[in-house]
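Asks: All residue numbers for the sequence shown refer to the UniProt record's numbering, where the first residue is 1 and numbers rise by one.
Please note that a few of the clues may not be correct.
[To be verified] DEER-style ranges, computed between Cβ atoms:
{"#": "1", "residue 1": "S67", "residue 2": "C31", "range": "35 to 43 Å"}
{"#": "2", "residue 1": "R83", "residue 2": "P133", "range": "28 to 36 Å"}
{"#": "3", "residue 1": "G54", "residue 2": "A97", "range": "17 to 25 Å"}
{"#": "4", "residue 1": "G54", "residue 2": "C132", "range": "32 to 40 Å"}
{"#": "5", "residue 1": "P142", "residue 2": "R2", "range": "34 to 42 Å"}
{"#": "6", "residue 1": "A89", "residue 2": "G54", "range": "18 to 26 Å"}
{"#": "7", "residue 1": "F135", "residue 2": "R10", "range": "25 to 33 Å"}
{"#": "8", "residue 1": "R100", "residue 2": "R126", "range": "33 to 41 Å"}
{"#": "9", "residue 1": "D55", "residue 2": "G103", "range": "32 to 40 Å"}
{"#": "10", "residue 1": "C31", "residue 2": "M1", "range": "30 to 38 Å"}
{"#": "11", "residue 1": "D55", "residue 2": "T139", "range": "18 to 26 Å"}
{"#": "12", "residue 1": "D140", "residue 2": "M1", "range": "31 to 39 Å"}
Because the hints were derived from the structure by calculation, they are not lab data.
None of these values were measured; they are calculated from a predicted model.
All C-beta atoms in this analysis are idealised placements derived from N, C-alpha and C, irrespective of residue type, glycine included.
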Amino acid sequence: MRIEVDDLTRPAVVGLLAEHLADMHATSPACSVHALDLTGLRDPAVTVWTAWDGDTLLGCAALKRLSADHGEVKSMRTASAARGRGVGATLLAHLLAEARRRGWTRLSLETGSQDAFGPARRLYLRHGFEPCPPFADYTDDPNSTYLNRLL
1 MRIEVDDLTR
11 PAVVGLLAEH
21 LADMHATSPA
31 CSVHALDLTG
41 LRDPAVTVWT
51 AWDGDTLLGC
61 AALKRLSADH
71 GEVKSMRTAS
81 AARGRGVGAT
91 LLAHLLAEAR
101 RRGWTRLSLE
111 TGSQDAFGPA
121 RRLYLRHGFE
131 PCPPFADYTD
141 DPNSTYLNRL
151 L
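Go ahead and model the full structure; you've got the sequences and the hints to work with.
Replies: Below is the structure:
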């Protein structure tokens, strides 16, 4: 598996991110969807990585800088055909290593509280994330679960 910084111009990546947003809107009320669109992912505070097997896109993940020592996991998504192959775990390990390299001491994330997000919550908990209160601009929301990990 090859992981690389992505410029969000390749059709496969744009398609995977569109699928991600569509799923978020299908499983959560609009006011509780915090996934970034392409414009949000192109913000200078955000870096996106994609995972590939040859020319096949396996997944994507992003980090958003919140402060000098705090970042947020954004847009974690595994392509449907690649699920169950460890893509999410590999991308998350990459994000954790990158956050440490950047000198961050904390990494946070928001994910859904609904059953559809159970696999994501289990992935994050297996990698040392713990429940936390809302962070950054988030507020209490019954449709959201907030997690963080000290690095």
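Asks: Next, verify each hint and record whether it holds.
Replies: Against the structure, the hints come out as follows:
| no. | hint | in the structure |
| --- | --- | --- |
| 1 | S67 <-> C31: 35 to 43 Å | 25 Å, violated |
| 2 | R83 <-> P133: 28 to 36 Å | 31 Å, holds |
| 3 | G54 <-> A97: 17 to 25 Å | 23 Å, holds |
| 4 | G54 <-> C132: 32 to 40 Å | 38 Å, holds |
| 5 | P142 <-> R2: 34 to 42 Å | 39 Å, holds |
| 6 | A89 <-> G54: 18 to 26 Å | 20 Å, holds |
| 7 | F135 <-> R10: 25 to 33 Å | 31 Å, holds |
| 8 | R100 <-> R126: 33 to 41 Å | 18 Å, violated |
| 9 | D55 <-> G103: 32 to 40 Å | 34 Å, holds |
| 10 | C31 <-> M1: 30 to 38 Å | 36 Å, holds |
| 11 | D55 <-> T139: 18 to 26 Å | 42 Å, violated |
| 12 | D140 <-> M1: 31 to 39 Å | 37 Å, holds |
Violated hints, listed in ascending order, are 1, 8 and 11; each of the other numbered hints is respected by the structure.
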